[in-house]
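Colleague: Take the sequences, apply the hints, and build the full model.
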Amino acid sequence: MSSPLLSACRVTKRFGGRTACHDVSFDLWPGEVLGIVGESGSGKTTLLNCLAGRLVPDGGSVAYETRSAGIVDVHHLSEARRRLLARTEWGFVNQDAREGLRMGVSAGANIGERLMAVGARHYGEIRGQAIDWMARVEIDADRIDDRPTTYSGGMRQRLQIARNLVSNPRLVFMDEPTGGLDVSVQARILDLLRGLVEGLHLSAVLVTHDLGVARLLTHRLMVMQGGAVVEQGLTDQVLDDPQHPYTQMLVASILPV
Amino acid sequence: MTSSQPALRVCGLAKSFTVHAQGGLALPVLRDVSLAVSPGECLALVGPSGAGKSTLLRSLYGNYRADSGSIRVRQDDSWTELVGAEPRTVLDVRHRTMGFVSQFLRVIPRVSAVDIVAEPLRRRGADPAEARRKAEFLLGMLGIPSRLWALPPATFSGGEQQRINIARSLIVDYPVLLLDEPTASLDVANRDGVVELICQRRDAGAAIVGIFHDTDVRDAVATRVHEVIPPASSPPVSPAGVSP
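Chains as they are written, first to last, in my numbering: chain C, 1 to 257; chain B, 1 to 244.
It should be emphasised that the hints constitute simulated quantities derived from the structure, not laboratory data.
Each residue gets a CB set at the ideal place from its N, CA and C atoms; glycine is no exception.
A couple of the hints might just be wrong.
Per the computed footprint, the stretches of chain C lying under chain B, defined by three or more beta-carbons under 8 Å from a beta-carbon of chain B, are [claimed, not checked]:
(1) 186 to 198
(2) 231 to 241
(3) 248 to 255
Modeller: If you want it as structure tokens, here you go:
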């Protein structure tokens, strides 16, 4: 609880004349899962990409507390150091698993690649860990040599999660990790993510438009509208006692089951 | 637990709701609520339906955001203020000090009853097998048949879900417990099991605030009552006076 793991300060990103995200500030503490909710086009994904160093903001800064090298400014790192950070201390789970996986190589190689990036060289150990992670994300070990092109959407997403978590990251960015999947597949992935985040004491920033997903996985919520954060707080408080007109409208729009 | 210092202290608490879909209609609910609960006490909130008992309880837990006033919880031999606190402060208080039993279980897809109950203990670093044993003990004590333990409770009856919720909230020995109608949909036999658990907690030194509509339950567990005054009978408040 000593200092934040990730700290965003007045992050602003424009595309041409349009402001995609405006003046966003927050601290993420170790072990916290922060949800970013809002409708399509509210700037959620742009913000996530700025936080993860995939986009360079036009204003503001993002600071990250590394394992051993102190606090760094994410956007002032060299490209090589940023990539290293992204492979070792961070994970990034894309909505479309095809963007987060290498579709042309086997599942085992997809998992092993992250391990090799952090220095693993022993083939047997890498394969052993890959098999272990296949089991943890509930994929049959005998599918290890198959390419993800032969996997279902839900399996691909679970493989992408395994690929991201095998190198023991501290911070995981997730962009609609259950978007576009059947509800039964979605439930399996939510359950898996819940267990992993809790068991590995991960910190995470999760973008979703699904308030049910946010309630299940996050501790805190930021509600975005038109590129700005209109409300933030404890997840259950924002959902049960929303203050801002837009949040009240969002919460009132959930279909009861 | 030897001192009579309160575990929870509320001063001048106010809470209103602003409904933006109704043109910013302000609904004042709580006004100038003050109370204190010491270890070993169980304070029953009483008052007519709509008086704001649940709103008060949810505000104490930080589930509703208070407009003004103070809610302080005794933790690590000092007071932690919850009104206006950072989310992580509230989460820390919920994690270590304050438990909440609501009327309804929020089921988690695919997770078994026993794991749902054991989770708060596991999250505090308890050995998973030990957490499971304690969860099974509580489920047994609350009369949940063992054949149900490994099933996700989505399809359980209302009374079974409520008892799973109670077991989940009581598996950790929280120094402060908030109970919202913990026996609402239970039959007499199961109700008595819950009453016994609550009394055990109270006598072991928990400070409890609860809503108990059943007068037999209230008489059995409460050591004091606190009357919640309905907003309509409070002095009129101008909307400007209750805005945060």
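Colleague: All the hints need checking, so say for each whether the structure fits it.
Modeller: Hints and how they fare:
For the region 186 to 198 of chain C, the proposed coverage by chain B is satisfied: 6 residues have a C-beta within less than 8 Å of a C-beta in that chain, meeting the threshold of three. Evaluation of the coverage hint for the region 231 to 241 of chain C: fulfilled, as 6 residues show C-beta separations to chain B shorter than 8 Å, against a requirement of three. A count of 3 residues in the region 248 to 255 of chain C with a Cβ less than 8 Å from any Cβ of chain B is obtained; the coverage claim is therefore met, three being the minimum.
Violated hints are absent here; each numbered hint is respected by the structure.
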